[in-house]
Amino acid sequence: MERVALLRYGEIHLKGLNRPYFERALYNNLIKALKPYEGVTVRKAEGRYYVENIGDDPRVFDSIAKVFGIISFSPALKVEKDINAIQKAAAALVRETMEAKAPSQGETFTFKVESRRSDKSFYLNSMELSRRVGGYLLRNIPNLKVDVHNPRITVNIEVREHAYVYCRIIPGAGGMPVGTNGKAVLLLSGGIDSPVAGWMIAKRGVELAAVHYHSFPYTSERSKEKVIDLCRILSQYCGEIKLHVVPFTRIQQELYQKCPHNMLTILMRRFMMKIAEVVAHKEDAKALVTGESLGQVASQTMESLCATNDAVSMPVFRPLIGMDKIEIMDLAKRIGTYETSILPYEDCCTIFVPKHPTTRPKLEKVREAEKLVEGDKLIEEAVANIEVLNIKR
Amino acid sequence: MGQGIYLDNAATTPIHRDVAEAVMECMLYDFGNPSSLHGMGLKAEKKLKEARERIASALGVDSEGLFFTSGGTEANNLAIIGTAMARRREGKHCITTQIEHPSVLNTFKYLEKEGWKVTYLPVNSAGVVSPDDVRRAMRPDTVLVSIMHVNNEIGSIQPIQEIGRLLKAEGSSALFHVDAVQSFGKLDIKPLQWGIDLLSISGHKIHAPKGIGALYIRKGVKIHPLLWGGGQEKGVRSGTENMPGIVGFGEAVRWLEEGTDRSYLYRLKGILVAELTQRIPWAVINGPLPEEGAPHILSVSFPGIRGEVMLHALEEKGVYVGTGSACSSRRGHMSHVLEAIGVKKDVAQGAIRISLSYLNTEDEMRQAAQIIEQCAKELEGFVRR
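Taken in sequence, the protein lines are chains C and S. Numbering follows my numbering, with no gaps: position 44 of the first sequence is 44. With positions in the second sequence counted from 1, the corresponding number in my numbering is that position plus 393.
Isolated chain C (complex conformation):
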């Protein structure tokens, strides 16, 4: 009896001739995600992936749950194609499931057995197999009752090149394998929103690079460390992230001294976008990703977004655009970035904030105001001093 996991992948079935390409990407991502676990292997067969030699480390399943492209997975027992072995495995799994669900003794559990026999040479057909295993379970485990319509435990048996028995189907991360849909540059502030935005785009198979704007001494080394930590959490889903830390103090000071203060935030954001676009070109990325959500703050009104968007020609993906703050926070908690995001270090968006920012900037006026500083020179200088960090999980 060996512990394995059965992995199901979905959307990539739809890709016709591209299918081998997607499958290879998914396989490689799985290998990378499972690298920390010694001995664990990945095998592809019959439209599934099998993670084998799992042993008893439960973290393997957490890692599987973070690989984009996996629809669902099942911790399973792999045994010989032999009715006795299958019956024993089913009993072991049912006992485990009952203990996990109700540690108190005596509660009655309803169950059914569902069998699939892709190996037609196996001497029992699926009906017979289900019946034999069901009977065995009823004889050997107290407090079990059959209910084929609404069972609390479904024992699944698949007879392939081996027999597999499992009771649970756990939802995977969904989406598409990272790397199959190009590369984008994420503007990562350290707040709650931007890591979630990055996660959503990575989920669609996009490889991420990140830019972070650092305004020492207005922001501290700790705020930089925080962004590195966020990248590390994201990299559990999307693999290695190249983080570009851009020195931004000089630009903010110039804007502060030379431009109208009610436009500071919008001008600052335009510079962020422009620098991100330069980084994207260098990285051969085709789009930018931001955590903007319509109307959330003054710089995210429709007029402000237009003014920000105007700064670049590359497409800007804003996956959170229609989400409420609460929804974003819930997602941040689910993917594990929330606790880090709320650490109270200043980020560059909260300093040099005007007392009365304009909420409906006129694009023409913004463009005029921007001319008051030597933008190209400032950007060139900032880009020249970028610090690049490769963040792995």
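Among the clues, some could well be false.
Calculated cross-link-like contacts (lysine-lysine; reagent style BS3-like; alpha-carbon spacing at most 25 Å) [what the hints assert, rightly or not]:
#: 1; chain 1: S; residue 1: LYS612; chain 2: S; residue 2: LYS439
#: 2; chain 1: C; residue 1: LYS365; chain 2: C; residue 2: LYS377
#: 3; chain 1: C; residue 1: LYS183; chain 2: C; residue 2: LYS203
#: 4; chain 1: C; residue 1: LYS44; chain 2: C; residue 2: LYS203
#: 5; chain 1: S; residue 1: LYS627; chain 2: S; residue 2: LYS436
#: 6; chain 1: C; residue 1: LYS355; chain 2: S; residue 2: LYS770
#: 7; chain 1: C; residue 1: LYS224; chain 2: S; residue 2: LYS612
#: 8; chain 1: S; residue 1: LYS485; chain 2: S; residue 2: LYS615
#: 9; chain 1: S; residue 1: LYS561; chain 2: S; residue 2: LYS603
#: 10; chain 1: C; residue 1: LYS258; chain 2: C; residue 2: LYS377
#: 11; chain 1: C; residue 1: LYS355; chain 2: C; residue 2: LYS325
#: 12; chain 1: C; residue 1: LYS365; chain 2: C; residue 2: LYS274
#: 13; chain 1: C; residue 1: LYS258; chain 2: S; residue 2: LYS770
#: 14; chain 1: S; residue 1: LYS737; chain 2: C; residue 2: LYS355
#: 15; chain 1: S; residue 1: LYS738; chain 2: C; residue 2: LYS355
Just so you know, these hints were derived from the structure itself, not from any lab. This structure is a prediction, so every number in the text was calculated from the model and none was measured.
With chain C held as given, fit chain S onto it using these hints.
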């Protein structure tokens, strides 16, 4: 030091070389457990006794009354909760001040949740509590008065001697606890003469390692332990003794007693204040007059420049200071100490804390003042209008 100018000694101090060597020796060679019956244990026990005596003698108390803890926070918790638990049948009222360290304030907040009443006394604009206020707050059911000796953010010195005398004169049975974490090694402390029942000290504020502190308990005073176990420290603080820490603590105290001149810190502070006020006339000194506060702590504000920004600008030029206490600087809100002494919000937000040690030099004071002036000038242009 070779690592710039370190002026955040109220947060923690560099470990003195003699101390580090003593700790190293203890870890590598004399690593026995003082409770072990064999010779290694005996050797450790001797070192334990030696350190205890050394520290007790610096306080002018009997070594029997000194109990090692994991640091100042545990000493304060032990003093406050230990007293409250031991005296809960006699009364449930305690007195403290609004400017205590979080390890005192939050312990009292916990007691309040458990049904105790706590009076938090205000302080004047110099950050000093009035003994009269202490007297007026006394109730028949008051079981504990806890007042810090030196405030960790602004360096104000509390009239401990007077309050101790007053408590005696009032004939109160309340115990008197003093958090002396910031003053130990820098100011005179006389627990026996001043009527102090409980006194907390910490190693890492005086060039010993982190993770070691002590609570002095006057003879005859009974408090409840917080930790239960093998009965070390006469049952007051179970757990195998932190021998490297204790040896280091003892060695640091030896060095302080033999190798330092108390007036040296005041001399450093005098130079720093003179240089700063001359170079940056618009700087505001918070709390007590420099010569009336503790010799090693100075709170100074540059209104309009946030303390944290100043701190990072200074760090870039190799000068390390603090904002308020290290424990609270990461939280966004205003310092409770600056609020208690009535500092306006923009001044409070512009505060940095400069804290000195015997390892600083006069030259460093002049250099630091010059660098602070430079940073203040650079940042002045971006003050929010």
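Verification of the hints:
no., hint, result
1, S:LYS612 / S:LYS439, "22 Å, holds"
2, C:LYS365 / C:LYS377, "21 Å, holds"
3, C:LYS183 / C:LYS203, "12 Å, holds"
4, C:LYS44 / C:LYS203, "22 Å, holds"
5, S:LYS627 / S:LYS436, "19 Å, holds"
6, C:LYS355 / S:LYS770, "23 Å, holds"
7, C:LYS224 / S:LYS612, "51 Å, violated"
8, S:LYS485 / S:LYS615, "16 Å, holds"
9, S:LYS561 / S:LYS603, "35 Å, violated"
10, C:LYS258 / C:LYS377, "15 Å, holds"
11, C:LYS355 / C:LYS325, "23 Å, holds"
12, C:LYS365 / C:LYS274, "18 Å, holds"
13, C:LYS258 / S:LYS770, "18 Å, holds"
14, S:LYS737 / C:LYS355, "19 Å, holds"
15, S:LYS738 / C:LYS355, "16 Å, holds"
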